[in-house]
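Work the whole structure out from these sequences, hints included.
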Amino acid sequence: MALIETQLLTKRYANGVTALADLTVDVEPGIVGLVGANGAGKSTLIKILLGLLAPSSGQARVLGLDPMADGFKVRALVGYMPEHDCLPTDVSASEFVTHMGRISGLPATTARERASEALRHVGLYEERYRQIGGYSTGMKQRVKLAQALAHDPRLLLLDEPTNGLDPAGRDAMLTLIQRIGTEFGISVLVCSHLLGEVERICTSLVAIDGGRLLRSATLSAMTEASGVLAVEVDDDGVVDASAALAGYLTERGRDVRRDGRQLLVNLTDESVYDEIRDGAAELDLALHRLEQRRHGVVELFRSPAPDEEAHHGAA
Amino acid sequence: MSDIALTGASRWYGNVVAVNDVTMTIGPGVTGLLGPNGAGKTTLLHMMAGFLAPSRGTVHVSGQPSWRNPDVYRELGLVTEKENVHGFLTAWEFVLASAKLHRLPDPAAAARRALGHVELGDAQHRRIETYSKGMRQRTRVAAALVHDPAVLLLDEPFNGMDPRQRLHMMDLLHRMAGAGRTILFSSHILEEVEQLSGTVQVVVAGRLAASGDYRKIRQLMTNRPHVFVIRSSDDRKLASALMAEVSVAGVELDKTALTVRASDYGIFTRALPALARKEGIRLVQVLPSDESLESVFSYLVAS
Amino acid sequence: MARHDPTPAERAAANSSVIHDIGYQRYEGIRLGRAQAVRALYLASMRSAFGLGRSAKAKMLPFGILGLLCLIGAIFALVRQLTGQGGGQTYYLGIPSTVGLLIIILLAVIAPELVSRDLGNKTLSLYFSRPISRSDYVWAKLGAAVTVVFGVLLAPLFIMFLGAALQSGIGWDGLWDEWRDFSIGVLNAGVYAIVLATLSVLLASLTGRRAFAAGGLVTVFLVSTPVASAGMEIGKGAVGDLAGLASPFTLLAGVQRWVFGEGIPVGSYGPVYGLAAVLLVAGSVLLFIQRYRKVTA
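Here the protein sequences line up with chains A, B and C, keeping their order.
Position one of the first sequence corresponds to residue 11 (this note's numbering), numbered consecutively onward.
Position one of the second sequence corresponds to residue 881 (this note's numbering), numbered consecutively onward.
Position one of the third sequence corresponds to residue 24 (this note's numbering), numbered consecutively onward.
This list has only true hints and no planted wrong ones.
Here are the simulated lysine-lysine pairs, DSBU-like style, with alpha carbons at most 30 Å apart:
1) B:962 x A:150
2) B:1117 x B:1135
3) C:145 x C:82
4) C:145 x C:317
5) A:150 x C:145
6) C:145 x B:962
7) C:317 x B:1013
8) C:80 x A:150
9) C:317 x B:962
10) C:82 x A:150
11) B:1117 x B:1158
12) B:980 x B:962
13) C:80 x C:145
14) A:150 x B:1013
15) C:317 x A:83
16) B:980 x B:1013
17) A:150 x C:317
18) B:1013 x B:962
19) B:1013 x C:145
20) A:83 x C:145
21) B:1135 x B:1158
22) A:150 x A:83
In case anyone wonders, no lab produced these hints; they're calculated from the structure.
Remember, it's a predicted structure, so these values are computed and weren't measured experimentally.
Next comes the structure, spelled out in structure tokens:
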């Protein structure tokens, strides 16, 4: 069963902004990245999936249910982590997550236990008994995640989970999300504007641009190898190492071009690897990098957006 | 001359030392000002922009002090982190007002040029409140550029932008840098900095931890072995051959690849192809795995 | 260090060493429905109104007011015992208006706590993404506010009833009369609780800043009262009779007069007061619900 399905999903607001336009997408379980949708599009989609907003036209299904007709059932199975600040400041994390667990339908003792476990899984230990007002951004993000997790949802909706975190905090959060998606067996929809994050942890991707679907595919399909080898050799100030290697390869009939500090060589056959190795060895060059270039998600956004002019408020 | 030069600059508020004895020079091109939250990036930018006086030391832009010196604003443009444009104005009106405030001889022409730079041609006569985040940012950049300053300061310019908007903004900044401007932008999102500029100034807890190209900075960290992930036609044979090399501190083998810790970067990178050729092993992948800005940054913050 | 030979228990433990699995556990147990969730919210709201689960400072004012009201009740009971006078329904009906100021202070603290806090912190996103509806939230909060005010008014009434009922020589008839008067007082307190609490949560929902909500509440109550009093003093005939509608407390006193026969002079306009009270409550509830329709997740 698909995790999330939409068909020609459209939402037009009274002030003329079209947040979503004919969005048709089929998302399989796993860790899904939602990129490119900023502002109106993203929060609109989340509200529709939670059954809090009616679309102008089209349909959506979450875990096989219609959010408009079965909103309560959907919301019982989904955990939501908003982007914005949403935590009270004068209660402890432990109290708050327990309270939220009860509102999600857990009996009192279970709520307490699962809240405690959720806080442990997100990495909050003795801090959990202090008031949330004194927490750092990283800790607050974890509390938001814990309250989404406590009632054992089948799907987590995480909106910019690494917002406001410094690099170490971001790393920790991404690792946690990956654990949730793989070890815990919970599907996750991650909204992010940082493509590097998405490429790191997601198994599939939905890219939205101007309210329309740009691409929806698995990550491996999107970042497949391109048949081009990238080679970096160090210039040590004496020799233009890249030029020397380029010359060596060209002499042997290879197709070589330069891209900044990299040499790009077409991978016409396997012997290219050996020629590069031999060229570096013979010319006594420092081989710093050798890899097959992969397509990146960012390439999706380099081409012009579909129907860019037609949209009010497009980039 | 369009440099930004700080000499022994410090800034404190009571017991809080926001910036501690920073000496740096930033020349033409794009430089990233990097640091964890609260490291002092915004304070530094505000000192450069003349909003704050250094408690000690000097801050000069294009040869003049930036504090209490209205003339410096002819050389300087600043785009702050907080959005503060009036929604009811159009981009044209906003940029034109900025041009007039700068008392330019031909404000309309300057405004047109600035809006052309940021490619807000079609939308400039709509009200700003209808704009997307990216367009608003570009409007503010245009207003900061209208007087054609040699130096442009941007505080977290990519905050909340979606990928397409970010690409546009990066292209814009690259173009301006290529034309000889000095551009300094601050960010705590390494992915953005890496894509935009290899040149960084890293601040940690108010101190300048490192300057320059981050790859070169990595190589300067000689006490940390460089980590490479290598795939070859015979990883185990390569691993044992590498262990015999003096420049290799350790190897680790798993199903997918061979991880090498090289204590001497220069010697190792030369030894590797030669050794592989001698042993008849095909190298399929050589990836430096800790020279990314993320790794360099975490090493700097940790030390 | 000398070590002892392993005891049988220690040997058994060594043979059965294990790493326990404390990874993530899925939950297959019961999930309670909407009704339970609303009840949980209702109870949690009342708890937080009294500052339970928060700092000691937060408990001071609500418990302090409760304590004061109990004290007032005890004093009334004592005075009645000692003087042998007072009693009848007036004894109980007078309580809400007597302690009016304390109730206003209490509401100025709990209404923002119940309502403005979630608005200001934007915690509503988290509530509405759960299996309760917007109106469920509204009714739970409203119910909690009314229950707290009613409870706080009930305490002194009950103490006064006990004081009277435990008098020796009261007899069954006397007890029955006392019970009847007490019930009237309780009913009256209920009306006060409903009107005041509903109006207060509506006012508190207009802002997410607790200080503003508290200030707004106090202003509405305190400013309107002198206006109504002035109207009652100066106005003649219909104007004087209807002036009480201008302020919540005088409105309630007017309703009290119409229903129980004691309160402020309302001439023949008793039913108007009754209707006004009903409309005030209905209108406040509707506006309160409306307030949350607009809130986005």
